[in-house]
Amino acid sequence: MAYTLTVNGRSLDADVAADTPLLWVLRDSLRLTGTKFGCGVGQCGACTVLIDGRAIRACQTPVSAVKGRVTTIEGLSDDGSHPLQRAWRELDVPQCGYCQAGQIMSAASLLARNPAPDDATIDREMSGNICRCGTYLRIRAAIHQAAGSAVSGPGAPVQR
Amino acid sequence: MLALRVQPAGPVEAQGFPMGTFETTAFIRIDPDGTVTLLAKNPETGQGVKTMLPMLIAEELDADWATVKIAQADADQSKYGFQLAGGSLSTPLNWQPLRQVGAAGRQMLLTAAAQTWKVPVAECSAARSRVTHGPSGRTATYGQLASAMATVPPPDLASVTLKDPKDFTIIGTTRAGVDNPAIVTGQPVFSIDFTRPGMLHAVFEKCPVFGGAVVSANLDEVRKLPGVRQVFVVKGGTNLEGLLPGVAILADSFWQAQSARRQLKVTWAEGSTADESSAGYAKVADQLGAAAPAMTMRTDGDVDGALKAAGGGVEAAYSYPFFGHAPLEPQNCVAEFANGRLELWAPTQTPSFALPMLAQTLGIEPSAITIHLMRTGGGFGRRLTNDFTVEAAWIAKEAGVPVKLLWTREDDMTHDFYRPAGYHYLKGAVDAAGTIVAWRDHFVSFGKNGQFANSANMGPDEFPARLVPNFALHASLMPTGVPTGALRAPGSNGIAFVVQSFIDELAHKAGKDPLDVRLGLLGATYLPAKAPAGLFPAFEPARMRGVLELVAGRSGWRARKTSSGRALGLAFHYSHMGYFAEVADVSVDAEKRVRVHKVWVAADIGSQVINPGAADNMVQGAVIDGLSQLMYETTIENGRAKETNFDAFTPLRMRQVPAEIEVHWLKTAGPPTGLGEPALPPIIPAVTNAIFAATGERVRSLPLSKHGYRWA
Chain S
38 MAYTLTVNGR SLDADVAADT PLLWVLRDSL RLTGTKFGCG VGQCGACTVL
88 IDGRAIRACQ TPVSAVKGRV TTIEGLSDDG SHPLQRAWRE LDVPQCGYCQ
138 AGQIMSAASL LARNPAPDDA TIDREMSGNI CRCGTYLRIR AAIHQAAGSA
188 VSGPGAPVQR
Chain L
258 MLALRVQPAG PVEAQGFPMG TFETTAFIRI DPDGTVTLLA KNPETGQGVK
308 TMLPMLIAEE LDADWATVKI AQADADQSKY GFQLAGGSLS TPLNWQPLRQ
358 VGAAGRQMLL TAAAQTWKVP VAECSAARSR VTHGPSGRTA TYGQLASAMA
408 TVPPPDLASV TLKDPKDFTI IGTTRAGVDN PAIVTGQPVF SIDFTRPGML
458 HAVFEKCPVF GGAVVSANLD EVRKLPGVRQ VFVVKGGTNL EGLLPGVAIL
508 ADSFWQAQSA RRQLKVTWAE GSTADESSAG YAKVADQLGA AAPAMTMRTD
558 GDVDGALKAA GGGVEAAYSY PFFGHAPLEP QNCVAEFANG RLELWAPTQT
608 PSFALPMLAQ TLGIEPSAIT IHLMRTGGGF GRRLTNDFTV EAAWIAKEAG
658 VPVKLLWTRE DDMTHDFYRP AGYHYLKGAV DAAGTIVAWR DHFVSFGKNG
708 QFANSANMGP DEFPARLVPN FALHASLMPT GVPTGALRAP GSNGIAFVVQ
758 SFIDELAHKA GKDPLDVRLG LLGATYLPAK APAGLFPAFE PARMRGVLEL
808 VAGRSGWRAR KTSSGRALGL AFHYSHMGYF AEVADVSVDA EKRVRVHKVW
858 VAADIGSQVI NPGAADNMVQ GAVIDGLSQL MYETTIENGR AKETNFDAFT
908 PLRMRQVPAE IEVHWLKTAG PPTGLGEPAL PPIIPAVTNA IFAATGERVR
958 SLPLSKHGYR WA
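So the sequences go chain by chain: S and L.
Sequential numbering from 38 applies to the first sequence in my numbering.
Sequential numbering from 258 applies to the second sequence in my numbering.
Bound conformation, chain S alone:
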């Protein structure tokens, strides 16, 4: 079946079976591979994307059920300048890096609802995302840093 999705502000078509998870439409049909496959059962969060600003697991969302605007890591900002992306670079969060797109998208959903989350809130909201390398302390710190810069607005210098 043909589906038209709004992904990162663009209208895109995919001809796939109705039960095809959004994850595989993004990765195989639309070639947006920033969203990752980790478990296929909604346990690891690597496939997290936003639909109308709310985090969902793309591996558990059939394309036929997608209603709303999809945002993937590629569309979080035009140039990597989202406060979370900046904080992730500045604090050198990634090790292997594979989970980090999902972590950032979960964090984006969290900050959209709660601009200044405390540790307990971050721990609760982020516990659906596994980091197999164990970069959790830096993820937590980066969310705090992004929350701070989100308040002060964009334009902070970006370190390499």
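Source of the hints: derived by calculation from the structure; they are not laboratory data.
Please read these numbers as outputs of a predicted model, since none were measured by experiment.
Each residue gets a CB set at the ideal place from its N, CA and C atoms; glycine is no exception.
One should not assume that every hint holds.
[As the list claims (entries may be wrong)] Residues on chain L that point at chain S, a partial pick, calculated with CB under 7 Å:
hint, residue
1, 424
2, 510
3, 549
4, 903
5, 905
With chain S fixed as given, assemble chain L onto it according to the hints.
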């Protein structure tokens, strides 16, 4: 004095690893526009080598790190030396040669400038990708010297002069991961993201019992399903690390291939491994542990006499279970076979080991194979084994089209090379002063004909060997059909739990502080090593004493207050040339819910921490990885792995991690050593020792969940 503790070439070749050669001009590319590109030689699995190894070149090249570009090298040992992500070896094997490469490049640039300006080389100096002639003040960028440099022959690496470490400007400073900008914007950097024109998506169904063979399958039905292009049986062989029997399904998309796979019905010949189980192994281990040992790896003094003199001593049986790797990026590989040549885009930790297996299985020459090293979504030892590369290669050759093979998480968890379980039957004695006077370990492990299975071994010098006067290490082996392999800090991740827990038991028996008993042990008379001098030098007690005292001080061990339900635990371990001592602050509530509040780590990996920010991250990650091993296991039942996904086999989640993990570095003489592994082993016994201090319950087998514990 920076005496080389490890001479890379000798021991590595002695282990059968081909060292290869380091070709200066392959590592350093300078374009006329001024772009300096450095090649990262080893597979990046999250251990930071794509950043750290080029830092070594850039330091001696005097390249401007802010403008340097890093490119991943393909597999080619004739240019890049031995390429491996394993054994925490990237640092020790490359610390000297890559700095020599950088220094050789710098010498070529200085020579090029001197020839261009017709001045003595000695009057030229380099800094930040620019050469300056002192007397005239003339300068040229590396880009301006690129064409002149191309005419200068590279010097012999052994002839170049390396910097005094006090002049380092890159080594020892924090440099962010070079792929971070691509990672945080979702650019395709991983193998799983790679595509080829005309590529099909493949899935591969193997027998759930390890090594089982295909008898029959409903191939014709599956061929009719939407998007399916090819379905065929792969006969495969019996080598568990190679190409195994199975059914390949190729479709236009992964979801079509995987959907078709759900309709696949295969009759398997499961073989005798179907009778094996974790419970069965434990029973056999108890029988073997009670019998006379089959092998003796080491004896010192008179263990029986010392135990008798101590009234029998303390006896305890310890064990740890099979354990999978589960890197977050499932196994995958892109393969293209055309005109007798194979090209692979592979997330492998060991391209050098993949190459001969691929050549042999496909019946082609190694020279007809190109392996592109892709950034890898975690390794932890899983991708030391190249089964997924040979599957992709075979399927691509058979299908005649480029193929991306992708495993599901279920494939990954049920076809791993597991950390083998281990069973230790211990006796020990301690005198009234807290000195450990006797130690016997009857290690029951896996293997046959006196040969340990992969990563199921224990060496004759393993601590506390050499420091206990009456000591014996024995082993007995049972066979297994389950594939075993190296899990981050192989051997050590289980042995540290056993050894550091039993030391605690003996300390408690003597009524002494576990810290004092350990310090006493590390100060004991030091017996000679039995193992031949290999890749990893023998344990040096003084270095461990250093980190033990450091961590005790930083954690406030001497002033600790133990309340019911909350206590500190202490442990240390030497592995992969690294000395690590760790303290964990742990609470256990009435429902046996465990929380690790804080961890202190003291580390000695030699004279330099090359990339300190990344090193702290790596140590914190290793601690969290070790904590993950406390609560879960891979259970073998009916010859297959029972846990199939993260619902049953779960790495630590954010709400379970300690609020703080402090990392303290103790710099000592000697070249820097690796960091992928040695921080992991001590955290496991540090936590179980804290649980004992907090509750009085001694945990002698893992996982904790078997004893009713769960994370708070």
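Verification of the hints:
no.	hint	result
1	424	23 Å, violated
2	510	4 Å, holds
3	549	42 Å, violated
4	903	4 Å, holds
5	905	9 Å, violated
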